[in-house]
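K.L.:
Make a model of the complete structure from these sequences and hints.
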Amino acid sequence: ATMYGMRAARAFTGKNKIALFDGSYHGTHDYALTKAEPASDRSRPTAKTMGQGVPTLIKDDTMLVLPYRDATAFDLIREHKDDLALVMIEPVQSSNPRLDSNEFLHELARVCQQNDVLFLLDEVITGFRIAYGGCQEYYDLDADLVTYGKSIGGGLPIGALSGRADIMAQFSGQRGRDDGVFSGGTFSGNPLTMAAGTAAINHLKEHASDIYPYLMEQGNRFADAINTFCREHQIPAQVLNAGSMFHMRFQGGEIDSSRDLTTDNGAAEREFYLHLLGHGVIVPGIHLAFFSAAHTPEDVDTVIEAFKQSFLDVRADGLI
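Numbering (our numbering), first residue to last: 1 to 320.
Think of the hints as simulated: they come from the structure by calculation, not from any bench. No experiment lies behind these values; they were computed from the predicted model shown. Beta carbons: idealized from backbone N, C-alpha and C, even for Gly. Some hints here could point you the wrong way.
Here are the computed distance ranges between Cβ atoms for each label pair [unchecked claim]:
| id | residue 1 | residue 2 | range |
| --- | --- | --- | --- |
| 1 | SER209 | LEU57 | 48 to 54 Å |
| 2 | GLU298 | LEU277 | 15 to 21 Å |
| 3 | GLU298 | SER172 | 46 to 52 Å |
| 4 | ASP224 | GLU103 | 22 to 28 Å |
| 5 | ALA195 | ARG98 | 31 to 37 Å |
DMTMM-like, lysine to aspartate or glutamate: derived pairs with alpha carbons at most 25 Å apart [as the list claims (entries may be wrong)]:
| id | residue 1 | residue 2 |
| --- | --- | --- |
| 6 | LYS17 | ASP116 |
| 7 | LYS15 | ASP116 |
| 8 | LYS205 | ASP142 |
| 9 | LYS81 | GLU107 |
| 10 | LYS308 | GLU269 |
| 11 | LYS15 | ASP166 |
| 12 | LYS48 | ASP82 |
| 13 | LYS308 | GLU254 |
| 14 | LYS150 | ASP100 |
| 15 | LYS17 | ASP70 |
| 16 | LYS81 | GLU217 |
| 17 | LYS48 | GLU103 |
| 18 | LYS48 | ASP61 |
| 19 | LYS17 | ASP60 |
| 20 | LYS15 | ASP61 |
| 21 | LYS308 | ASP210 |
| 22 | LYS150 | ASP116 |
P.N.:
This is the structure we're talking about:
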């Protein structure tokens, strides 16, 4: 989805450079594997490639890394506007889930519009999860392009790109050109996924007034319970959450962006998740985790108690 979004933006604008943010995740294609060099200036990060096998010319010539939740990002967009086709952002970063970025996101959209740069919201994770209308609805944003995935597939793999009609026309050549943007593949329009996705979206739409307040309530209840416990027991850990999306970080102090994340308590973190398994709860420790509408309040209570006991187990191990 993000690959097609980049391709459509380049075709529509005639410009080649794509900007994404420090700490972002947009998939595993070559362009999305552009990351910020950790040792570079926090406000003006330089690009690096995640892993081997990706041509260096991609990060050097076609990509720009912007600082997350930092006004310098707006200056960089203005500086590169003549070459910049698209700015892509996760409205909620999977590495740093939070729902307090309203002002930053609105200013980002405004700066993009003023400088003739397309604005893409990557809602592969947040779409149909934060709200039925995703973060576009939650933050009242209007993006040029939006990517979706995960929840819209009803449990099956899927990716989707949506956007303004004039931009999406690139895929059909309807702008009077015969060189439209190519798209397609073995799994494109897969009938099983389409059926599952249609059923999932219809269910979410029909029950939106119940599902989304419930998810927000349970996610916040979990985060509040764990963070209160950690403060009361002087445990260097905290849960970051955006409604039902959460990520536990084994560190204290304020976390504003991925540059604030540390691995100083890595041994304790690894032991914590092993203890959590022993208490009957599986959480993908290195990844974002989620509560769903299928989780009952009693399930959430079980997870809370398992987290608390696992913290005490790690303390008994002498690791915190």
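K.L.:
With the threshold set at 25 Å, check whether the alpha-carbon distance from LYS81 to GLU217 stays at or below it.
P.N.:
violated (41 Å)
K.L.:
Holds or violated: LYS308 and GLU269, Cα atoms, limit 25 Å.
P.N.:
holds (13 Å)
K.L.:
Given the hinted pair LYS48 and GLU103, is their Cα-Cα distance within 25 Å?
P.N.:
It is violated: about 28 Å lies between the C-alpha atoms, which goes past 25 Å.
K.L.:
Within 25 Å, alpha carbon to alpha carbon, are LYS308 and GLU254?
P.N.:
Holds, at about 21 Å.
K.L.:
Is the straight-line distance between the alpha-carbon of LYS15 and that of ASP166 25 Å or less?
P.N.:
holds (16 Å)
K.L.:
Are the Cα atoms of LYS17 and ASP60 separated by 25 Å or less?
P.N.:
With a Cα-Cα distance of about 10 Å, the restraint between LYS17 and ASP60 holds, given a limit of 25 Å.
K.L.:
Just to be careful, I want the Cα atoms of LYS205 and ASP142 compared with a cutoff of 25 Å; is the pair within it?
P.N.:
holds (20 Å)
K.L.:
Run the distance test for LYS17 versus ASP116: straight-line Cα separation, threshold 25 Å.
P.N.:
holds (13 Å)
K.L.:
Does the Cβ-Cβ separation between GLU298 and LEU277 fall within 15 to 21 Å?
P.N.:
Because 20 Å falls inside the window, the suggested range holds.
K.L.:
Given the hinted pair LYS150 and ASP100, is their Cα-Cα distance within 25 Å?
P.N.:
holds (23 Å)
K.L.:
Sort out whether ASP70 lies within 25 Å of LYS17, counting only the CA atoms.
P.N.:
Within the cut-off at roughly 20 Å; holds.
K.L.:
Given the range 46 to 52 Å, decide if the beta-carbon distance of GLU298 to SER172 lies inside it.
P.N.:
Distance hint for GLU298, SER172 holds at roughly 50 Å.
Hint check: violations occur at hints 16, 17, 21, 22; the rest are consistent with the structure.
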